[in-house]
Structures are given as C-alpha cells and as structure tokens.
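Undergrad: Chain residues, written in single-letter form:
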Amino acid sequence: MDLFHDNPLLSGVRQMLGSFAKNSMRPIAAKHDRDESMPWDLMKMAQPFLSQTAALDGRKKLTGIEDDPDPKKAKTNARIAVVGSEELGYGCAGIALALAGSGLAASPVARMGTDEQKAEFKKLMSGLDEHGHVKVAAMALSEPATGSDISGLKTLALPDGDHFVIRGSKQWITNGQSAAVYVVWANTDPSAGRAGVRGFIVARGAPGLVPGKKETKLGIRASETAQVHFEDVRVHKDMMLGSAAATEAATGLSDTKKMLDSTRPAVGSQAVGIARAAYEFLLERVRSSSLHGTPMASHQHIMFELAEMQMEITASRMLAHRAAWLADHHLDNVAEASMAKAHGARTAQLVTNRAMVLLGEEALEPDHPVEKWYRDAKIYDIFEGTGQIQRRIIAKHLTGQNPT
Amino acid sequence: MDLFHDNPLLSGVRQMLGSFAKNSMRPIAAKHDRDESMPWDLMKMAQPFLSQTAALDGRKKLTGIEDDPDPKKAKTNARIAVVGSEELGYGCAGIALALAGSGLAASPVARMGTDEQKAEFKKLMSGLDEHGHVKVAAMALSEPATGSDISGLKTLALPDGDHFVIRGSKQWITNGQSAAVYVVWANTDPSAGRAGVRGFIVARGAPGLVPGKKETKLGIRASETAQVHFEDVRVHKDMMLGSAAATEAATGLSDTKKMLDSTRPAVGSQAVGIARAAYEFLLERVRSSSLHGTPMASHQHIMFELAEMQMEITASRMLAHRAAWLADHHLDNVAEASMAKAHGARTAQLVTNRAMVLLGEEALEPDHPVEKWYRDAKIYDIFEGTGQIQRRIIAKHLTGQNPT
Amino acid sequence: MDFALDDDQELIVQTVRKYSDRDLRAWGLEADRTGTPPDKLVASATELGFFVDAIPAETGGMLEGSYSHLTRALRGYEVARGCAALAALLECNVEPALAVATWGSNHAKAVLFESLLNGGFATLANDSRATLEISASGGDLRVTGKLGPVPALAVASHVLIASQDRLFLAPTAGMAITPIAPSGWRAARWATAQLADHVVPAAFVLSYDPAVIAKVLAWARVSLAARAVGVAVAAMDHAKAYASERVQFGQPIGRFEALIRLRDDAMTTTMAARLLAIHAAWALDRDLPEANDLASRARVLAGDAVARATVDAVQIYGGYGFVTDFPVEKLMRDARAFEALHGDERLGRVLAERGAEGRNKESM
Amino acid sequence: MDFALDDDQELIVQTVRKYSDRDLRAWGLEADRTGTPPDKLVASATELGFFVDAIPAETGGMLEGSYSHLTRALRGYEVARGCAALAALLECNVEPALAVATWGSNHAKAVLFESLLNGGFATLANDSRATLEISASGGDLRVTGKLGPVPALAVASHVLIASQDRLFLAPTAGMAITPIAPSGWRAARWATAQLADHVVPAAFVLSYDPAVIAKVLAWARVSLAARAVGVAVAAMDHAKAYASERVQFGQPIGRFEALIRLRDDAMTTTMAARLLAIHAAWALDRDLPEANDLASRARVLAGDAVARATVDAVQIYGGYGFVTDFPVEKLMRDARAFEALHGDERLGRVLAERGAEGRNKESM
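Protein chains in written order, with numbering that gives the first Met the number 0: chain A, 0 to 403; chain B, 0 to 403; chain C, 0 to 363; chain D, 0 to 363.
If we strip away everything but chain A, and leave its shape as in the complex, we get (with noise of 0.2 Å):
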C-alpha cells in the first residue's frame, strides 16, 4: 500500500481533503494572507476531521479506523499524514498550519501524559471560547536564542513545594496568543543541564502568563506566531509531563525530537502541495492564453519549463512517500524524512519561483495567488529544520560524522 499501489483508505483521505482544499480553503485564502488573520470559522467547520486534539483522538474522526494495535503490524498514520498534507497544502499552507497547530502541543501529552493530564488538556480544550471560537493549544518550546538548536533553554521551572515557578520567554509560538492551553518547556534544574527540561501544562489565563507580540510574517499568515512571556507563572506538580528522574529520556525531549522526524516527511509534502498548486495555475493558464497570437502552449520555453516542474513535483513526492512507508514499516527513515523534507522545500521554493517569472507583470497583481504561494514556500525550508538541517542530519546519515 504506496504510491506504486493505489488504496482505498489512501486515496479516499485524498478526495475528501482536496475538495476541501479547492471549496473550502481556496476561496478564503487571498483574505486571511491579507489580514493576516486565523481562519476560525473554517477550523470550527473542519473540527470534526480536522480536530485540534487529532492527537489524543487518534485518527479515528478523518479515517473512521482505528491502526491494528500490534506494533509489528504495519500502520498507515505517516502515510495517511503525507496524502492529507499535499491537499492542505495545495489548498492554503497558512490556513493548513492553523488547523494542525494545536497538534504540536497536543501530541506530547499524547505520548507522555498521564490520564489525569490528558483529561485536564481535553477540558481545556472542549467547547468554543468567548469569541465562538474553537479552541487552540500553543507548544511553547523555542526561545530567543534558540533556531534550529534545540539546546539550552533559557526559561526556567524551579520548584516550590507542590508547585514549579516557571520564568522565561518564548518564541515562534504557534497559537501563542490565541492558545487556550500552553505546553511549556522549561529547566527544572539547570545543574542538570537538558536533563532538567520538562514541558507543562498550562492554562490560558493563569497569572503571570502574558501572550506577546504576534509576529508579522512574509507568509503563511493565517497561522498565527507570537511570543508568549511567563511572568512566575505557578503550575502544580501534576501538571509535569514525564518523571522526575533526572534523565533526559524523563524530558521527553528527545521524543519531541522524534516527533520532528516523523511529521518531516508529511512536512515535505505539504510544500509539494503548494508546488502542484503553483504548477496548475500556470498550466490552466498556459491552457487558456495566447502569446503574440499564438497559443502559449505551442512554446518551448514554457512547457518545458512545466515539464520540469512535473518532475520535479513527482520525484518530491515520491520521497515523501518513500519515507512515510518506511516509518509506517517502522523501518528507519531518518535520511529519507530530511531528503523528502529538504527535497519538497526546494522544489516549491523553485516551481513558485518560475510560475512567477513565467506569468510576467500578471504575478505583480496584489492577492495574485502565485505570489502568496512563493512567500509562503519559503518556511518550508526553514522550519522543522532548515535546509541545512536536514542536509546534515543525512551528511552524518553517510559518514556518522556533523559536518560544520
């Protein structure tokens, strides 16, 4: 079950999310890029597919099955993942970060929560806030200081009886102004270097939280980033994710690290979506127009062009593909996630690069969706990892060595 074998479960999440992407996303796209403003009223619409706690549901709401639980048996979610991306993100990459951001805060406490943790996060995540709008949650991991190096993190969770005191500032959170429900990362005790990392659960409106700056982006702009301060923010032990042993398997940082790796391939994907979207327009458009009288498709220069942007569409998303089926095979994919990763980065960067020369003075039309589609590329290739990231995580793949 691949991209060589068509399937049933695969091409049917493919159907539903791409007439999703053409009639629900499309049309609202232009405005939220302009306003730079969450697409609420399409999340709520998409919450029972789309649910903002998928990771605790389990997929059960998109696909209606549940994985085989026997962890020999090969499972489907990082397929079903790379299939749903390319569809969002041939839809909207913005509106697509809006409706998966929760899932980022939500998965650690999948993986590591107890139930009681679990059922506190599913509450403060149930129902609609004062605005009518769906709740969101805000994994609070990056700081200042730290980009593509996760080490070293400023902000601090000292104890204080049944409490930690959680000092510090974060940034590039997503839904870090709207979160109902925050997922911090902070060090419990620094002698203890990464060890001492731990994430928290923390509710909107605790004292001494302060939701910061929202970021003005170059794209994808219906996802909201903002930085988020903590004050002395008191957060009682229970709320800890992961042990208290001093070790760093007890940080669950390092399955965050693995969380990164398993989504990069569906990362991948979504920016191949924005690359088949980019590479459709100009086709429709190279269909429908002449060019000093004659069709625009009777001319090298251009179709040729669109040949290449085929190509290079169908050899990215086969190597997301290709990883998806390994880690869904529970084989090792760490190379192939950052190749599909790096490899679908590049190639919308260069299919939205080359549909807007090819258009011409047309892409300088403002809301041209060509041009929203190149500034919203870009982060693929620069978070989750950038391009370099991933080049040396496949560098030392080859010789176990990191390159500097």
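Certain hints may be false.
Unchecked claim - 20 Å max Cα-Cα, derived EDC-like pairs, lysine to aspartate or glutamate: (1) B:K121 - B:D237; (2) B:K213 - D:E29; (3) A:K212 - C:D324.
Quick caveat, the hints were computed from the structure, so don't treat them as lab data.
Given the coordinates of chain A, assemble chains B, C and D onto it according to the supplied hints.
TA: Only chains B, C and D this time, still in chain A's reference frame:
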C-alpha cells in the same frame, strides 16, 4: 512488488548483476575506454545470462522464470530491466551497451519476425566468429540526416523480382562494423512515405554491404558505433519484416518507437548507475581522506553536496521504478518514462560534474574513473531521444500540443 | 579599459549613497508598512537632481549635453540599496522625459516637462504581450485595453507606452486608474489602468520605429538591472552582518561552510550582474550596436541574482528572516518586480531570436 | 569607466586572434589526437611575444615597465578560443618568470631566465591540499611528496611551487617525472612528479609571505578564468553555427526555443565571467586590495561558465557532439582542467572565510 517492497526476483537480479559489475566490468573498464575496444572476452563470458539474442530467448536465461502469459497479469520485465540496468551502468556504461547492443536488432525480429526469419537470425548469431568472438547484431536505422527525427529515411529498398535492392548509408549504428547480422530499415516505396519503410535481415558479407568508418567517441567507448553502407545489396523478400500492406502500421516503425518508450526507464536507470558510481567513489574518498589536517567528512562544503547527490540519485531511481512499474501493469507510462529518462540523465551529468570538481586535481589523472563517468554520462541526455525530446513528450502529454 | 569612477561619478555615488543609507533605508521600511512613500521624498530627492535629470537644461531641466545611462546605473544601484520602491519612484520620470526630449514634438515637450518640472510624475508601460488594441484615426491614436500593474502610474500625469510598433505618450487624464499596493515595491504608487478608446493626440506619438522602441526599453532594462543588483547587495550586507552575530551550535552561523558558500555564490553572481549592467549602460551612452543585447542580458542576470540573493538572505536569517521586524523579508518581496516588470526577459530574448535568427547583434 | 580597448590592446588582440583562428584551432585538433603540440608552436608564438613576455627587458626579455595582467587576460581569452592545451603552454612561463623577476635572487633570475630565453619552459604548481612535506636545512629546502598533474611539467626546467607558507622555484632535474596525456588539454605536456628529499637551494626560495603567495595564485586564477571564457565562447560559436545548419522536424534546430535558450543562458554567464576576469586583471595591475578576491570569484564563475557552455554545445550538436569528427567534444574534455587545477576554488574560498571571518577584503 516495487521499490517500496523488496522482492526476491528483483533483489536477485540486483545482487547478481551488482557483483558482475564490481568484479567483472570495473577491472576492465579503463582499458576498453582507453583503447576504444569491445569487451569480447567479457561478452563471451556473460553469454549464458546476458545473451546477445536475449530478445528472442526471453529472459529465461537471466532469471530462470517466465512471465505469466496471461496479458492481464502484471509482468516484471520492465522492472527487471530497470534494476539490472542500474547495476550495469554502475559497472561501466560502455560495456553495458556493448552487452546490450544486439538487443536493439533482435527485438524487432522477435516482435515481427516469421519463424523462418527468427530461425535465420538465430542461425546467423550462433557460434563464434573467425576471431573467436560471440556474434553481435546491428540495428541499422539512423541516417546522417536523421537524429531525433526518425522520419524521412533516405535508404531505399527497391523490389526486383523476389528480391529487394538496398541502397543507402546508415550512421550511429551500434556494432556497425562487427555485426554478423544487420536489421536495416529502408523505404520500399518512396511514394508511400513512411508507410513504405520496412526492416530487412541482412547477413554480414552480403555483396555490397560495406561496414564504414568507426566513430571515435567522447564516452561509452567500449560500445562500437560505426557507419554502414549498402551499395545495391540484394535481399530476398522472405527476409523483409512485416507485411507488404502499404500501411504505416505494417512498417513496424511505430512498434520501434514503442520499444524506445519501453526502454526509457531502463536507460534512465543506467544513468542512475553512473551517478551512483561517482557518488560512491567520492564518498569513499571522503571517508578515507583529510583536508589540511581535518577529516573531509567534517566539511559541509563537501558533505552537503554528497547529501544532494544521494537525494537526486534516490529521486531518479524512484522515477525509473515508477515508470517501469506502470509498464509492467499495462498502464500508460509515456510521460513517466520520459521523466525517468530525462531525470536520470540530468542526475548522472550533475553528480559526475560535481564529483570531479570536489575531487580537484586528482580528477586530472589519466584513466580517472570519475572523469570517464563524466564523459559516459553525457550520452544519456542525447541518445534514445535527447533531453529536449523527453521534455517535448511530457509537454505534449500536458496540452496535446508539440511545442517548438 | 578602466573600471574606476571619474570624479563626477564618484561624487554622485558618494552623495546618493549617503542619502540612501541615511534616509531611504529607514523611510523604505515605514513606507512598506503604510504602502505610501514619505512626503519628504520628493523635496529631498529633487535637491539631489532626481525627477528632472533627463529634461534638457534649455527647457528648464538639469540635463546638460547627452544623458549618461552609466551615471544613472550607478545612482540606481545606490538608491535601490536603500529601498526598491522609493528607487522606482526616483527613476520613473527618466524614460518618458528622455524619450520626449529625443523624439517628441514641441507640444509633447511643453506639456510633459511642465508637469514634471512642477513635481509631477510620468512612467513607462511596456505592452510586452501585445494586449493593447491601438487604432489610428487621423494622426491620433485610440487605445483600448489594460495597462499594468505599473509603478508610479497612480500619481503619473503621463505614461509612456511602448507597444509592438509604436511609442507614444498617453495623458492619464481620462483613464480608469486603480491604485494598488502589491506585495513588492509596496510604496511605489502602483496602479493598473483600463483604457477604452483612450485618445492619444498625434503630437504625442513619438515613433513608429522598432529601433527607437527597443532603445527606450534598453534604457529601462539597464536601470532595472542596476537597481536589482542594489537590492541583492543590500540582502547580502544584511545577511553578512547577521551571520556574524547569530550563534547556533556554539558558533556564529557565519562560520558554517554551507552558509558561507550560500552567501558567497549569491555575491559572485551579483557582482557579475553589476558589471554587466554597468557595461550595458556604458554601451548605451556610446550608442554601440551591442548595447540593446547587453542591456537585456544584464536584466536576465540581475533578475536571477536578486531573486537568489534575497531568498538566500532570508534563509541565512532563518526564522527571523521570515518576520517583518527584520529587513530581509521585504527584500524578498521587492525582488520579484525586477523580473516581472515588462515580462519575462528570457522569453523576450527567445522570441526575438526566433523571429529573426540572430538579428539582434550579439556582444561577443 | 571605460570598457573599450586602447590601441595597443586592440592591436595585440587582433594579432593574437588571427593567430588563434588561423593556426591554433587547427593545430589544436591534431595535437589533441596525437597528445603532442606541433613543433612550429614555439617559433610562431615566440614571434608574437609569448614565453618571455614576463622577463624584464634589461635581463633579455620583453617586459618593459610593469606587467599587464589585463593584456594577458585579453590574450589568454583569444588563444584559448583556439585551443586550451596550446594556450596552457603559451601561458605557463608567466608565473615563474614574473615571480622570480619580482622576488627572486639574482642567481634565481640568471638560472631561470637563461632557460626560458633559450626556449625552455617553466610552470606553476599549487600545493592546494598541503600534501607536500617541506623541511628546511640551512637555508635550503628539502621537499618530499607528489606534484601534479601539472601542465608543461613534462618539458619544464623549473617549477614554481606555491605551498601553504612558502613560494620557491624548484629545478626539475632530479625529480622523478612521469609525463601524462590526460583527457583534457591532452597536448599540454602534463606530468606528475615524485619528490624525495628534493633539494631547493636557498637562493631559489622566493618568499615566506602569505600575501606574496596569494598574489601569485591570483595571477594564475585570472589567467585561468580568461582562458576558460575563451573555451566557453568557442563552444558557443560552434553551437550557433551548427544550430543554424542542422535541420530537424523541418526547421533548423537553432529555431527551437529550448535550444535558443540553452545557448543564450550559457552565453550570458560567459559574458559576465569575461567581464569579471577582465575586471580582476585590471585590479591586479593596480594592486588594489580587492584584486585577489576578484581573481578568485572570476575563476569560480568562469569555471561554471566553461563547464556549462561546453556541455550545452555537445547537447546542441546531439550525436555529432559526441564524436571526435566534430570540435565540441574536445571542448567538453578541455573544460575540466579549468576547475580542477589548483583544486576546487569554492572550497578554497570557504576555508579562507572560515579561517578568518571576512579577512579577505570583499570587492563590493
């Protein structure tokens, strides 16, 4: 059964030809490149599993397994060809083409030949020649004026009683000088245009058949390329392939074009083999060498290019397997076959070029393998349809138009 | 051969550079947010000789003798380092003024120069895909179709239109003008215009000579190329500074080989594009036969360079490159117009070569 | 600024171009087959001032005043258009002669110049990966390790060796020299040499100053860049001529957009690389601080340009490009040495930048 799922048949082919490439092809590659000579001894040695008449024998000799005759059932030929071609290209592209050269002539006979013609062809190909060499065959189609454009052949085959008299010159003919048998394409009725073209089986030594000048080539020098002149060569009508009906279908030329489509994935895969050879050579050098006292593997400048190479090689390989998988499942693969061929050729040129640059002065040594692979790689963007022709095919698939 | 600037050029470059670094860069960031240029732009730039530098002195402008595209290229490079949008406004009068001064009727000169000398704007539109319908009635032209997006069109009194076989000056009065603020050069007073049987009086038709039209477009290409290089260099300057401060994995990211190379390669292309643009400008000043080809190639290379340099600058900044608090995402947006304006330069070259095998004289 | 050649330069270019078109191109094809240059090369080139142009007139050479790298670049471009292998032989004496003339002892001058003035050859070897073991005993040096492949080493009486921290002239007598004919520049009299405690007398040690070594390598880089561009242009000239004759699908292939673009893009890069090489040469002649950086960048771009242009020329020729009856496959082989000699230029730049953040002064 494909790139995602390992398969005993394909991995058997990969292993067998892989060790043949390493142990039998590599050691003699530099010599035949230097001398521009055919690897006769190796060809004899390989005869049992890489027969010069494989097209007529079926692939029993190579794999010991026959395809299921049921046309609805999936075949494996295309994928076996793709897997095998990568290994042979990895060994030496020139030798690989020498081993496969006769196949170009054998396959039209296999497809269109009468039992009598097949028998005649096999008889002419049996045993060894006066030098003790295996017999080889030549497909004599191209002419000086026909490159990518195979219409408008100038060679004539004018009827004369029970015979045809063939007059004309052929160029770019693999095995053109050494062939024991030629399958020559000529027009029996210029007034009918392409529909008049037929293939004829002509034995070496036929009066008027004059092997011409052997080309000195940039690469794939172990494969012989020569001109062949037909000066009023009389051939009995029983040796004409196809029916006398003056239809274009009857010529078999369209089948020949189909054959090119079906071999494209394997050709692209052979290019992938060259790329892999250069990539592995560089990786080995990196693992074992230092640069100003630091391990080469510690330099991003070099390692990131290796990562890039691995990414491109993987992508090209998957495109080739994808195109072959479609063919084996009787699905349209015209565009995919062209993508596989074009992408593989590009990857081979890219990787050999960058590998040379990164190796520095070492690559200037005579008989340096990477420099040879750089020269070999270029032909993959030219023969069997240039890179431009492949993109033209993909483009036409998109809009139905042939861009110019 | 001599690659050194003469004293006049050196003086102009130093003056404009100071203006660009001190004022334009800061104004540009604000103008990008608001979508409008600062009021002080016109007064300050006029002092430096912008806007009327292509109007002959005898008709009230500042042009003594023949116009120097080389000086313009040097100047354009400097102002674009500050802000591409403001640079576009500073340069937009040149093609209309110079074309009218060279081929215009006295009436056209009188009308256009009066507007420009009183602080008005004019701009150039290239009907590169031949979508305008132009009919002649008497000596007048009647033009129907869509113009743009064109920078400065929202504030221009006249637009110089280069169609396939006509070069003419169209008054904007009576056009249905729609001001827009696109993603790139946001403050450049862009607009599109709908023309319905828009009348262009015979006295405003400058030429029917393809060679004349090609020359005017060559002026614009060199100016675009020089400004594109300015934006590319600004991106690389920012990236270099940032890379030497930002620490990851225990060292400034500027010491990682991959980022050094990323920047260095973009810089090499940029420097080559700059030379090509300057060479083209020099050739224009001497009216050499290869000037048009050089101008077009300069734009091809400068377009590649600015797209690449700005994207790579964002990459070097990482997450910070993606937010408006830092200067490089603006540069990535601004880069696009250099390739998009007047259409895909490579396509134009290919069609020209097809149309007349090697008619356009090659420069080497 | 002025991109025009002065009269002397024009004269030299015209003379050398005639020589290149009339003789070198034809000789080069033959020399490529046989792996040896024609006997007439030395006499004919000597007449034109090659081989001894960097030896001061007062010591019997032809150098009056200071050496012009600009003239050398213009000349190298022309001869390489004829044949890269022969061009390498025509240029190989310059670095040794000029370095010895500038920093050499009287003894070194006497010995080297006598050899060169009597038709001898010298050449430059760059120990770019620091593989030579060099020990000092007294003032003398003892050198152990492998040299090359180096062009002209098979016929050279002396080799100028640039190691990491030493520049010295080594007599080839006593070296174990292995002549080779690699795939590129086949007739350039290549050789490798094994040195075992090879003695270099103190009088032959020219400098321990990294700045001096960097300068000599910059001379070589500019010359390599200029010649690389010559090969690229030769490839494009052939491709243009062929594309206008060869008919496929009913029209000359030169009318297919994809082939027009392939050639046009390679040509644009090539023209930019040529300007960069000439600019670098001009900067060397003025000893400007950015000269070394320009020389290195020129080589980066010229290396890209020649690799691309020659591969694309083969592509445009199709099957005919792959056989020796046609001129372009030789150019594709010859292209490689421009990037391989002295090692990967980009790697060198990256290591230099890492070693000393931005120590090498950038040129813009």
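Undergrad: Now tell me, hint by hint, if it's right for this structure.
TA: Hint check results:
{"no.": "1", "hint": "B:K121 - B:D237", "in the structure": "holds, 15 Å"}
{"no.": "2", "hint": "B:K213 - D:E29", "in the structure": "holds, 18 Å"}
{"no.": "3", "hint": "A:K212 - C:D324", "in the structure": "holds, 11 Å"}
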